[in-house]
Each structure stands twice: as C-alpha cells, then as structure tokens.
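Number of protein chains: 2
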Amino acid sequence: MRKVEKGKVKRKVRKIVVVGSIARDWIKTPFARVSGGVGGSSIYFSLAASLFSPVGIVGVIGRDFPEKFLKKLSRRGIDTSGIKREKKGETFQWEGEYSWDLNIAKTIDTRLNVFAEFSPRIPAEFLSSEFLFLANIDPVLQMKVLKEVKNAAPKCFVAGDTMNFWIESKKRHLSHLIGKLDAMLINEAEIRQFTGMNNLIKAAGKIISMGAKIVVVKRGEYGVSCFSGNRIFSLPAFPLASPVDPTGAGDSFAGAFMGYIASCGSVSWKELKKAVAWGTVVSSFTVEGIGVRRLVSVGKNEINSRYRKFVRMVHFEKI
Amino acid sequence: MRKVEKGKVKRKVRKIVVVGSIARDWIKTPFARVSGGVGGSSIYFSLAASLFSPVGIVGVIGRDFPEKFLKKLSRRGIDTSGIKREKKGETFQWEGEYSWDLNIAKTIDTRLNVFAEFSPRIPAEFLSSEFLFLANIDPVLQMKVLKEVKNAAPKCFVAGDTMNFWIESKKRHLSHLIGKLDAMLINEAEIRQFTGMNNLIKAAGKIISMGAKIVVVKRGEYGVSCFSGNRIFSLPAFPLASPVDPTGAGDSFAGAFMGYIASCGSVSWKELKKAVAWGTVVSSFTVEGIGVRRLVSVGKNEINSRYRKFVRMVHFEKI
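Quick note, the sequences are listed as chains A and B, same order.
Using numbering that gives the first Met the number 0, the first residue of the first sequence is number 0, and each one after it goes up by one.
Using numbering that gives the first Met the number 0, the first residue of the second sequence is number 0, and each one after it goes up by one.
Quick caveat, the hints were computed from the structure, so don't treat them as lab data.
Incorrect hints may appear among the rest.
Identical copies go unnamed one by one, so any copy, or any two together, can satisfy a pair.
Claimed, not checked - Under the rule of at most 27 Å between Cα atoms (straight-line distance), these lysine-lysine pairs were calculated in the DSSO-like manner:
no., residue 1, residue 2
1, 212, 317
2, 70, 87
3, 273, 308
4, 269, 317
5, 308, 212
6, 205, 170
Whenever a hint applies, use it, and build me the whole structure from the sequences.
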C-alpha cells in the first residue's frame, strides 16, 4: 500500500470496496433532464469516495454501458476490474422525475436487465480491503458479500444502505444484516418505516440495539443526524440557491463519508463528525447538476473551499 | 437602567417590548393534554426572553385570566403593566391538536373574545425601549405600534413574526411592514407562501430586498436558517427523545433570540449566530412540556448546560 503525507501524519491509503447498482438513468427535474446518463448507487458512491481514497467497484453492466465512462472512473483512481460486462443484455435502467420541491423521486420505470441476475463476485485482490460499502441491493446479496469479505478481512469496517422495497419484502434478512454492520446509512422515511418509530433518537436507538455501531440518518435538504452509543451529531444540509437534481445525493454522501473514514487512521467520534460534514459538502455538489454531471467535475480545491464555508455557516461561539 | 457584569464587559440591560396575543389554550397531543392553560405568542416570547433580558408585555386579557400567572410573570422580571384586563369578556381561546409527527397544528376552534377589539396601547415608560417584538397579530396593528415606538426611539431594533392568515388577507400591509423591520422571523411554509418561492435562499433574498435586514426561517424539527446580506447561518434543531408539544416553540425561539440580542452590546453577525443558537436551545425546552409547563420552570443552569451540549452536537473540526 502506498503512503501519503497528510499534515504531519503519515497515513496508509486504504481501498474501499463498494457493491451496488450501476445504471443508465433517465431523469427529469424542473431544472434539467438527462436521457440514458450514467448513474447507479455505486457510481455516485465511488465518484465521491475517490476524492479521499482509492475505490474498487463490484457490479454488472450491459453491452450498452459506455467504455469511455469506465476509463473516466479509472482516471479517478477507481478500480473497475470488479465490474462485469454482460454482452447479452442491457444495463439496469431507471427513469425518474422530480417536481418543484425536489424532495421525492417519482419512479416512472425500472428495467433491471442484467442487474436482475446480479450475483456479486469480489475479485481476489479486493478481499483484503479494510472498508466495504454495501449499497442498496437485496439484503441477501449484501449478507453474502459481507461474509465473504469478513472471512478474508475480519477487521473490515462495513457500512450499508437500504431502501423501502427491501424493508417491505425482506425485513428479516435486513434485520440480520444490520446486526453485522459497523454503520447503517438510511434515510429518514426509511428508518421510520423500518422501526415503526417516528422519533429519530428512538429509531436510531433501535437500530443500535440490533447491533449496528453507527447510524447515519439522511434527511435530504434538512441535513443529517449521526448516532453512536449515546452520542448524537447533527448538521443542516449545505444550502443551495439552485439545486438541480437530488439523484445520487445519498450515495455520494455515503461515498464521501466512507472515503474520508478510510483516509483516516481510526474511526473516532471526532473523525466520524468530520466524515458526516464531508458527506454533506460533497453531496451538495451532486445536487447542483443533473445526474453525475457536477460530481464528476468537482475537484479537491472546490470541496475544501466549500467545507471551510460550511464550517463558518454552522459554527457559533461557545457561551 | 441597571448594569450587569458579563465577562469583562459591562453591558446595559435593555428592556424588550413585545406586542402579541395572550391566550388560554386547549391543547391535545399524543403525549399530553391541557385544558385552558395559559398561552399566546407574547407569553411564550416573554418567558423565553426573560432568561436574558427584562421584558414588557403589551396585550389584553379577559376576566378569566389567572391573576396568579401575572404574578409569576412579574417574578421573572416581566413587566405586566401593559396588559389590560377587560372585565366584560373572556381571554382569547385557542383549541388545537397534533398528531404523531407533531409538525402541524390542527386548529379545532378559535375564539377571539377580548382580543377581537385589541388595539395595542404602549405604556409611556415602554416607549424608550431599544428592542421591540411584533408577534403575530394584524400587520395593520403591527405597523401602528412600530410607528409609535420608532417615533419615540428611532434606533429601536424591531423584529416581527406573521402567519398564513395575514399573508392571505393582508399581504400589502405585511409587505409594507417588512420594509421597516430589522428582523423578520417566519416559518418555512409561510416564507414560501409569501414569496411564492420554494428555494429558501431565494425566498429570504426576496424578503431582504423588501427591506428587512435579517431573515430567520424557522423550520420546526428541522432547525433554522438565518440570512443577512449574503450571509447564511444554519442549525439543526436540538434533537429530543420525547417531544411533547410544539405549541409556542416559534415564539419562545423568538424570545430567546431577541432576549440574547438585547443582552449584547451590538447586533453583529457573531452575536446573531449565538442568538439563533439560544433560540434553538430555549425552544427545545418548550417542546418538552405541554403548553408553557416546561418553559416556566426552566432555569439559567439548564439552558447553559444544553447550549454547551448543542455546541458539541453540531461542531466539527476544520480541515
């Protein structure tokens, strides 16, 4: 593993593995639209994470997925060797629409295509990774990957996401998975749905009592709350004058969150708080463009400058 | 005026005048209920503000309003000499209900009673006040009070609140008032309704372009955003495991906000940010009890301790 200088501390650069969807998206918002653009949870995740740490993607694409985009990922330090191309089918397709408030996506159409038969195969050289992100896929597959990686790297830090569909259809598997996670990232409506609890502190307490060590509740334009043990950390979203498209905001939050943690020496509460702030900052760029457009172009200088602005925006003096 | 020691700086204690409703409330939430308890915007406001600065209330009550509660206000440093008792009528009554999410009050019944003929009369000794809060009443009356006070004290810092009813019925008067305010406090749904703009940065910019120097957007359990010039400050709400009743949260936010500002030497951006944090902290106590129950009992030690906790809850390290 290569070493990098960061401040005065030499830090190991740790690779993150992400398992999730790779898609082509048709998105329409009141401000922009895209037809067949690159998307999917692991794409947003790895673009964001690669701002902090090297990433390896495990996923599947069809014959239609642009080779050029895979090259773009490689140039960002994203290892695409775990992406399998199925030449006989098409990539997973999602079509969605947002109205003026941009809070809720209305799914118009979903075509699983090659993703329907997706069974994640982790390349051997990914198995020693110390960080694993299980993006929103079937919890049965999430568990399979978790076991495989933990078997090879027992100390691997594992975080996962989910969605309403799995809460409804595979709650028992999901509960079992949560018991094995270091961090559960979940959106506000979904943690309420999963726990049946309206109050976030109580809902997060429930997830923690099931075994997850950290719970991060994503609240869209209202920010994020992070829970661990009895501790709570809360941030508003970074306010945007011209949000364009929230697609992928949650996944790029997760990417920056995990990317920052992987770049640190340890997962302390202090570093977790910074990880949440980085997630907030990076995902705010995602929302500024349609699809991945803004996220692929954002650089280290821009995110650093927005992080500093964000500090000024939420910090106030002690008594 | 008396002087107090605060840190090393001697600060003048400035009196705040608040003009608003005084009520008896019938409130039902899934967690508690109260019948005919004391309420109203200027009551919540002054209870909160009196934790920081002396307050004088201008309002009207009927024969039913408990004398004991007026004495309680006096003991908190709240001057009740501007409260007129109309012996021929009953106090303004409000009956409301909340469901599980506690975000939206459903009004069951409103009886204006003596409040219907309310025409604020500012006692002569209140006229030199340097801080005035125009709680949510008819903007025509708000303007009348503003003119009267500004006439006597041209440098008076004036803040105001409003509600959907006035936005619908007296938009022109409200617009005129906004042009004269130092600070406009308004909730999220209402600033969207008033400006027709969904985006908060744009909506706040509109209010600022109309003349208000500071805009504070109250977002309930999602926190608060404060705008002035091109600057933005945002905070999440203080998370509560057992919220009971949000009635008066906005008014007690305003009370602590104004109370803190009045206790300061100047209204700088730095102090404004602290004022927003104090508003957040104090209003979180209000929500912990039915009606004014928790707010009347909260003391300086408790709010200081929660303020410190809140700092830890939202602050994160710089890059």
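Which numbered hints fail | none
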